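Protein chains: 2
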Amino acid sequence: MINITEKDIQQYDKHYRTHLINSLTGFKSVALIGTVNQEGDTNLAIFSQIVHVGANPPLIGVLFRPHTVVRHSLENILSVQHFTINHIPASHAQNAHHTSARWEGSEFEACGFSPEYSQIIKAPYVKESNVQLGCEFVERQNIQANGTVFIVGEIKEIRLVDSVLKEDGFVDLETAGSITCSGLDSYHTTNRIGRYAYAKPGEKPKEL
Amino acid sequence: MINITEKDIQQYDKHYRTHLINSLTGFKSVALIGTVNQEGDTNLAIFSQIVHVGANPPLIGVLFRPHTVVRHSLENILSVQHFTINHIPASHAQNAHHTSARWEGSEFEACGFSPEYSQIIKAPYVKESNVQLGCEFVERQNIQANGTVFIVGEIKEIRLVDSVLKEDGFVDLETAGSITCSGLDSYHTTNRIGRYAYAKPGEKPKEL
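As they're listed, the protein sequences go chains A and B.
Under this note's numbering, the first residue of the first sequence carries the number 598, and numbering increases by one thereafter.
Under this note's numbering, the first residue of the second sequence carries the number 598, and numbering increases by one thereafter.
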């Protein structure tokens, strides 16, 4: 085993530490967040700090880096109150990574994605995505420890490609082609190990 | 495309809605959180609401369900101030799922995991895990929208199986055998699509 202490972490150079610590959360939820400002300029950015907050009401959380420089996605959400979360199909991993560059104009055209709108959500969806969520801003929590901003949104609309929604409500993300990521720059497809029944003490959970 | 509106979501039965909404964040970070109470009773529970908060200082966040009933993991963290986050190897997916049952005693023995201790962290690590993080409580944020509790911990110790740590600090989670999950009960291994260089406008990010 490799044993890394607090002192080691402090002494690493910035890039090494950033790669290391970003790897430790495990495989992450990764998606493209679509927003628009009051002037109608669209923005698209890749995020991997996305977390399930609750099912009823349907809430989802996104952690944003400190709001000390211009953060278009965060500013657009706070201003327009709507945003979209769009899963990334494996075919578009490289394009999605490219949205993290410092683009002058919209990342949609620059990175090969097509904006699409619904009647309900003001922010643009990503047409190429097979799982699209339309969200409304609900709550902001400022993390004191490092100035990051936790935004909670309520899911107001769900747009799914056909055949991924199962009888019990489970969405088959492998059929949808959604990817996961690790660290700062690594993208992955998945293979199902299994689905397991609701766990009870004393008996191994059955495979569904 | 399947289009699900706010009204549809409200009208679904509870189990259907829970499966659906839990699927929408995409593939999730999943790990076993090890804690201990003041009496020395250990607890082990599976969590998929884990998020990277920052690299310097090294911070990690975990979202806990509302603190309205007994939540051993949360109570132990608040009391002892230490917890461990342990990646799940593919061989132990079913065992890890089993920790979600309502056990009377410790989930370690009941579910086939071995506690292991270091000099630095009071909470037990999971010996079977190839990526183990020792964390200290830093901050608690209560989410107003639904009573969930966001806990931020600082990573004080990292224990990694040999050969997973790369030259640039990236941890190869596929070599570590760490899994991801989706929905409430589905577990997955991964296959790398690629690692991409730091993205710049105008040129496609190179594969590393």
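If you're looking for bench data, these hints aren't it; they were derived computationally from the structure.
Wrong hints could be hidden among the right ones.
Each pair may be met inside one copy or between any two copies, as identical chains are not told apart.
[Unchecked claim] List of simulated lysine-lysine pairs, DSS-like, C-alpha gap at most 27 Å:
1) 801 <-> 604
2) 724 <-> 611
3) 604 <-> 803
4) 797 <-> 763
5) 803 <-> 719
6) 753 <-> 724
7) 611 <-> 801
8) 797 <-> 753
9) 763 <-> 611
10) 763 <-> 801
11) 797 <-> 604
12) 753 <-> 719
Just so we're clear, the structure is a prediction, and the values are computed from it rather than from any experiment.
Each hint tested on the structure:
1. 801 <-> 604: neither (41 Å within a copy, 37 Å between copies)
2. 724 <-> 611: neither (37 Å within a copy, 30 Å between copies)
3. 604 <-> 803: The answer is neither: 44 Å in one copy and 33 Å across copies each exceed 27 Å.
4. 797 <-> 763: Cα proximity of residue 797 and residue 763: one copy only (24 Å, versus 39 Å across).
5. 803 <-> 719: For residue 803 and residue 719, the Cα distance exceeds 27 Å both inside one copy (43 Å) and across copies (34 Å).
6. 753 <-> 724: Answer is within: at 18 Å inside a copy they meet the 27 Å cutoff, but 42 Å across does not.
7. 611 <-> 801: between (44 Å within a copy, 25 Å between copies)
8. 797 <-> 753: Close neither inside one copy (34 Å) nor across copies (34 Å); limit 27 Å.
9. 763 <-> 611: Answer is between; shortest inter-copy Cα gap is 15 Å, intra-copy 44 Å.
10. 763 <-> 801: within (24 Å within a copy, 36 Å between copies)
11. 797 <-> 604: Classified as neither; 42 Å inside a copy, 33 Å across copies.
12. 753 <-> 719: For residue 753 and residue 719, the Cα distance is within 27 Å only inside one copy (12 Å; across copies 43 Å).
Hints 1, 2, 3, 5, 8, 11, counting from the list given before, are not met by this structure.
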